[in-house]
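*Asks:* Each chain, letter by letter, is given below.
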Amino acid sequence: MEAYLDNSATTRCYEEVKDIVVKTMLEDYGNPSAMHLKGVEAENYVKQAAKEIAKTLKVQEKEIFFTSGGTESDNWAVIGTALANSRQGKHIITTPFEHAAVSAPLAWLEKQGYEITEIPVDEKGNLLLERLAETIREDTILVSTMYVNNEMGAVVPAEEIGRIIHEKNPKTLYHVDAVQGYGKYRIYPKKMGIDLLAVSGHKIHGPKGAGFLYINEKAKIQPLLLGGGQQKGMRSGTDNVPGIAGLGVAAKKIYENLEADTARMRELKTYLAAELEKMEQVEINGPEPEKGAPHILNVSFLGVRSEVLLHTLEDRQIYVSAGSACSSHKRAGSASLGALRLSPERKESAIRFSLCEFTTREELAYTLEVLREVLPMLRRYARR
Amino acid sequence: MYKAFLIKYAEIAIKGKNRYIFEDALVEQIKYQLKDVEGKFRIVKEMGRIFVYAESAFDYEETIEALKRVFGIFSICPAVVLEDEGFEKLSEEVAAYVKKLYGDQELTFKVNTRRNKKTYPMQSMEVSSALGGIILDACPNMKVDVHKPDVFVNVEIRSKIYLYSENIPGPGGMPLGTNGSAMLLLSGGIDSPVAGYMIAKRGVKIDAVYFHAPPYTSERAKQKVVDLAKLVARYSGPIRLHVVNFTDIQLYIYDKCPHEELTIIMRRYMMKIAEEFAKKDGCLGLITGESIGQVASQTIHSLAATNEVCTMPVFRPVIGFDKQEIVDVALKINTYETSILPYEDCCTIFVAKHPVTKPNLQVIKRSEEKLQEKIDEMMKEAVETAETIICE
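In order, the protein sequences belong to chains B and F.
Each step along the first sequence adds one to the number in UniProt numbering, with nothing skipped, and position 103 is 103.
Each step along the second sequence adds one to the number in UniProt numbering, with nothing skipped, and position 269 is 269.
These are calculated hints, taken from the structure and not from any lab test.
Remember, predicted model here, so these are calculated numbers, not experimental data.
In this text, a Cβ means the ideal position worked out from N, Cα and C, and glycines have one as well.
Take these hints with a grain of salt, some might be off.
Unchecked claim - Cross-link-like lysine to any residue pairs, in silico, SDA-like; alpha carbons within 25 angstroms at most:
1) K100/F x A54/F
2) K347/B x R220/F
3) K347/B x E219/F
4) K191/B x Q230/B
5) K353/F x K18/B
6) K370/F x H259/F
7) K208/B x K353/F
8) K353/F x R346/B
9) K232/B x E41/B
10) K353/F x G227/B
To be verified - Far from chain F, some chain B residues (derived; all Cβ distances over 10 angstroms):
11) G39
12) S103
13) E307
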């Protein structure tokens, strides 16, 4: 049996996504910028995708800009707004547990003379919002937070943050990295005070290499990719029609039965957490399973290094990640676990299980069975 | 400009009656390295030298890079090939060539002429002195020095005329396959690929063994070792890499023996297993990347304790090198970047905080007695279940 429990790293494509990707590669393969019929056909796929996505967010089609994925969307949101609004100020607020796609461009901006402030968090990963209002200043141009933390599954109260920001300084823009939140929650930027929203296709059963950035039509942002002037000059480069079309289909489909799908995911996650808590030397990290995102569960198996457990499970066709899959190229411990002041032992033994709508109870039961079998053996051979 | 390469070799020239074996091996290796280079080449042994002729358009840089990987080559001389169209034409070509190569540099030079085509109307000495004068006219900053010149300008007159002066250093060493084969203990580190390279450079064909310890070492760690073997194989030719699953043996030692002796006992079994593969593959020695004192298992006491299990000679080419000296070679052969990828290898996963640095052989042997029940069977299984990957 195979159990793929690494859906926060990437997901399997929907069949319908595959179909439209193939169709736009083999049949309707025109360049949307071309003047002839083939171009018009291709352009219609892009328009259709923008329409479907806009519908899920209740925003205008023209506010959706396609990118190469989460990292580009986040980079663009952060750097693009910083450049466009530098005359108003150079102060940016963020959290200590952002994905590197946000924290790395922020670190770069800091070197260029911008000032970055972090909102503090408690040990459960909750932002101390009462401290947010006092950090927003006249020259604060941007606040950037996640929607769902990719490692712990903590959910950020975006609507409340949006309200606090705009009450304190109506000119401050609010960017949300919704890579882990889109497709799990109904997110309405207009209602929630979100000005920019980054989404990646392959986390929602769409293709890799495709994503989008929602940009409030009133927000000032500088394009980062200059060239042929595609997407109203905001993001040059030939449209990735297969990726965009696939992304559109995935966005539509993931929201079709959202409440039922996420309820089932949460039920499975709660079951997994409850069974794990029955075991010895197991600690659940981050928010309580009933809270938190419906699909992410971060657990420490004390006395077993994450990497060793990961490879043991891999041998039984169970795929999980250690901390965060995006961090596997770095030796340093995970930034967000660090931010939560966990003990080194808990950090070293943290495993992330991430579910999707295809996850079954059988997969989880199998995973639990394997864990019960291998953990005693792995604990016996510890480094001493 | 260049159409041919004269290959100079150093040590082969002193090999007496076996010389042809070394030359043939060198020709084979040149062919092997040039097979993926853009262009068609003909390689010819003639008059105690090897010539590589380009028979089509070719990529000069790629060709030089490939030749620089052929062990046994002392230097590579790119040559201009001219038709014999009279001495006047030759003079023009020589003047243009030397000017292009050395420009206005202040250098001393000497013209060397070899006249194999005895029907050529001038004698070698006459050609040399006449061309010397022409070079002096063309390059006013150059001077003649017939005893210790900075550069030689060589002219060979055969059915065509060959003109060469540049000397590009090769890797030296001996042609591969002229010195039997040996088994390299390859880890993911910096030292062992360098050790393999250095022994291969002496003409030894190498095979390798890697100890994999899943789930403690990852699939990526194994891939890294395969990648390293491929990098070394760019010089050494295809390497048969044996991947041994070492986990069970390691855990067995962990269970039965004192923890601080784990590494040394483990290494003794690694040597034994490597020797099994060496025998199977017809190798006559083992190669390790050990360097005295680098880590606890490489103190001279530990080396002696590890060495004691081997019946074959163990070659340790970097034994006297400092880390930086090893790194320098790793950078040169392009293995460094891969070696420093951060995947754990099987030697470090259970390493004790304070491993023994002066193991007492009697004590170690007494500890190993506790393994008697199962170890032979486990070693046999490790050898039989190993996966063999051809890395080229």
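*Asks:* All hints, please: hold or fail.
*Replies:* A quick look at each hint next to the structure:
no.	hint	result
1	K100/F x A54/F	holds, 21 angstroms
2	K347/B x R220/F	holds, 22 angstroms
3	K347/B x E219/F	holds, 22 angstroms
4	K191/B x Q230/B	violated, 29 angstroms
5	K353/F x K18/B	violated, 52 angstroms
6	K370/F x H259/F	holds, 13 angstroms
7	K208/B x K353/F	violated, 44 angstroms
8	K353/F x R346/B	holds, 21 angstroms
9	K232/B x E41/B	holds, 19 angstroms
10	K353/F x G227/B	violated, 57 angstroms
11	G39	holds, 38 angstroms
12	S103	holds, 21 angstroms
13	E307	violated, 7 angstroms
Checked against the numbered hints given earlier, this structure breaks hints 4, 5, 7, 10, 13; the rest are met.
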